[in-house]
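Protein chains: 2
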Amino acid sequence: MAKNYNYVILVYDIGEKRVGKVFKICKKYLVHFQKSVFRGEITPANLIQLRAELKKVIDEGTDFVAVFKMTGDYVFDEEIIGVRLNDSESLLL
Amino acid sequence: MAKNYNYVILVYDIGEKRVGKVFKICKKYLVHFQKSVFRGEITPANLIQLRAELKKVIDEGTDFVAVFKMTGDYVFDEEIIGVRLNDSESLLL
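Chains A and B, in that order, give the protein sequences.
Mapping the first sequence onto UniProt numbering, position 36 (from 1) lands on 36, and the numbers just tick up by one.
Mapping the second sequence onto UniProt numbering, position 80 (from 1) lands on 80, and the numbers just tick up by one.
In isolation and in its complexed conformation, chain A is listed as follows (with noise of 0.2 angstroms):
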């Protein structure tokens, strides 16, 4: 039976020209933790959402994006090490 994700971790590394977009398709659906990193919960149907949009907006020829799925944040436990920017700061991608 397919496990049911409902939260992801996205990790992506874009080229200039539309890091922008994706970021704001990314800021639309999850929550963004730092610079190419976002996370959240998000619904099977968002995330298929999510995928197309990105589809339409990367080169993936050279851009490239991870989604880790994961059934809630409560299967692992995060550290930082280092500055964690605040949202304005982390527009500077």
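Among the clues, some could well be false.
A pair holds if it fits inside one copy or across any two, identical chains being indistinguishable in the list.
With a straight-line Cα cutoff of 27 angstroms, these simulated DSS-like cross-link-like pairs (lysine-lysine) come out [what the hints assert, rightly or not]:
(1) K27 / K17
(2) K28 / K17
(3) K28 / K69
(4) K27 / K3
(5) K27 / K69
(6) K3 / K28
Hints are computed from structural coordinates only; laboratory data are not their basis.
Since the structure of chain A is already known, use the hints to place chain B on it.
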């Protein structure tokens, strides 16, 4: 009872002068996944060691390392959109 974390996903955002050193340290303990993303099994003792080595190298005022700790890689599924760089190329940080 504290969970027994022995798998991590590590994401970093490091200043140009230090990123090479950080890459080498991470590569000692984890598998390079993509540009600024490492992951893999790691013992609690090695995680302590990795953290200590990173802290010696990074500038905690500007650099950022996030470690997502899990009990194993069975807790997530992963999806890649776009290009999956092979190891040699992925050194272009």
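Give me the numbers of the hints this structure contradicts, sorted from smallest to largest.
-> none
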